[in-house]
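> If you want the building blocks of each chain, they are given just below.
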Amino acid sequence: KNQVEQSPQSLIILEGKNCTLQCNYTVSPFSNLRWYKQDTGRGPVSLTIMTFSENTKSNGRYTATLDADTKQSSLHITASQLSDSASYICVVRRDAGNMLTFGGGTRLMVKP
Amino acid sequence: SQTIHQWPATLVQPVGSPLSLECTVEGTSNPNLYWYRQAAGRGLQLLFYSVGIGQISSEVPQNLSASRPQDRQFILSSKKLLLSDSGFYLCAWSRQGKETQYFGPGTRLLVL
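Chains A and B, in that order, are what the protein sequence lines are.
So for the first sequence, the numbering used here puts the first residue at 26; every next one is plus one.
So for the second sequence, the numbering used here puts the first residue at 552; every next one is plus one.
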């Protein structure tokens with residue numbers, strides 16, 4: 026069964042600290058993996074996308090890693106800011122058809 | 552530039568009443584269009600997608616239907632709402648042949 030599991034479900038950190046969010050998937054055959062940021066009550070916005078051959082991709086203070094062998098990805102946020110408070114969603118695309126599988130998201134709260 | 556609109560932003564409806572949510576895209580032509588539902592604390596679930604006017608694919612059996620009367624208009628409907636239809640509905644678009652999906656602001660539906 027094609028699934029995407031994210032951990033932790035929620036996370037609270039202090040402003041300025043770093044954090045790492047995890048994503049494990051069983052989607053096969055794999056095409057690519059994308060991390061989205063979703064502010065409360067808004068639509069998701071893409072942060073990074075990685076294909077099978079890419080191990081890491083950065084977007085400002087966001088760095089995503091991918092281990093296609095173990096089917097794991099992580100999103101590392103450096104020097105967190107209050108505006109980083111949001112849900113972060115891991116999305117995996119199968120290498121066939123137009124199907125995306127969404128993880129349940131990690132809800133991050135950055136406190137001053 | 553391209554923009555995607557959804558309305559209404561929030562909606563409270565009684566059980567058994569009809570539903571019509573609208574999504575429009577500006578600044579592009581012949582987009583792929585998608586309807587997703589996001590239940591509280593859960594991942595996005597693809598409901599429908601459309602690759603052209605009048606072409607609708609349904610991903611899950613449900614109480615909802617979708618229509619695409621115009622190239623950049625996507626409508627989500629129901630004849631009789633159920634309590635389980637409550638959720639956050641997101642419309643998204645992508646360019647033909649491209650994977651990146653751009654999400655609208657969403658409609659929060661509460662069925663009482």
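Because the hints were derived from the structure by calculation, they are not lab data.
Careful, some of the hints might be misleading.
Result set (DSSO-like, lysine-lysine): computed pairs, CA atoms no more than 30 Å apart in a straight line [unchecked claim]:
#1 A:K136 to A:K26
#2 A:K82 to A:K26
#3 A:K96 to A:K82
#4 B:K631 to A:K96
#5 B:K630 to A:K82
#6 B:K631 to A:K82
Beta-carbon label-pair distances, calculated as ranges [to be verified]:
#7 B:K630 to A:G85: 23 to 31 Å
#8 B:V563 to A:T95: 24 to 32 Å
#9 B:G648 to A:V70: 16 to 24 Å
#10 B:S618 to A:N49: 35 to 43 Å
#11 A:L107 to B:K630: 38 to 46 Å
#12 B:Q647 to A:F77: 36 to 44 Å
#13 B:E577 to A:I37: 16 to 24 Å
#14 B:T554 to A:R119: 24 to 32 Å
Positions of the beta carbon are idealized from the N, C-alpha and C atoms, including for glycine.
> So, for every hint listed, does it hold in this structure?
Going through the hints against the structure:
Restraint check: the Cα-Cα separation between K136 of chain A and K26 of chain A comes to about 37 Å, which exceeds 30 Å; the hinted pair is violated. For the hint pairing K82 of chain A with K26 of chain A, the CA-to-CA distance comes to about 27 Å; that is within 30 Å, so the pair holds. In summary, the hint linking K96 of chain A to K82 of chain A is supported, as the alpha carbons are separated by about 16 Å, within the 30 Å threshold. For the hint linking K631 of chain B to K96 of chain A, the alpha-carbon distance of about 41 Å lies beyond 30 Å, and the restraint is violated.
At most 30 Å may separate the alpha-carbon atoms for a hinted pair to count; K630 of chain B and K82 of chain A exceed this at roughly 45 Å. Using a Cα cut-off of 30 Å, the hinted pair K631 of chain B and K82 of chain A is violated, with the two alpha carbons roughly 45 Å apart. Under the hint 23 to 31 Å, the C-beta atoms of K630 of chain B and G85 of chain A, about 46 Å apart, miss the expected range. Checking the proposed 24 to 32 Å range against V563 of chain B and T95 of chain A shows it is violated: the Cβ atoms sit about 45 Å from each other.
Look at G648 of chain B against V70 of chain A: about 21 Å separates their beta carbons, and that is inside 16 to 24 Å. The hinted range of 35 to 43 Å is satisfied by S618 of chain B and N49 of chain A, whose Cβ atoms lie roughly 37 Å apart. Roughly 44 Å separates the CB atoms of L107 of chain A and K630 of chain B, a value that falls within the hinted 38 to 46 Å. Restraint check, Q647 of chain B to F77 of chain A: a C-beta distance of roughly 24 Å breaks the suggested window 36 to 44 Å.
About 38 Å separates the C-beta atoms of E577 of chain B and I37 of chain A, a value inconsistent with the hinted range of 16 to 24 Å. Against the hinted window of 24 to 32 Å, the Cβ-Cβ separation of T554 of chain B and R119 of chain A comes to about 29 Å, which satisfies the hint.
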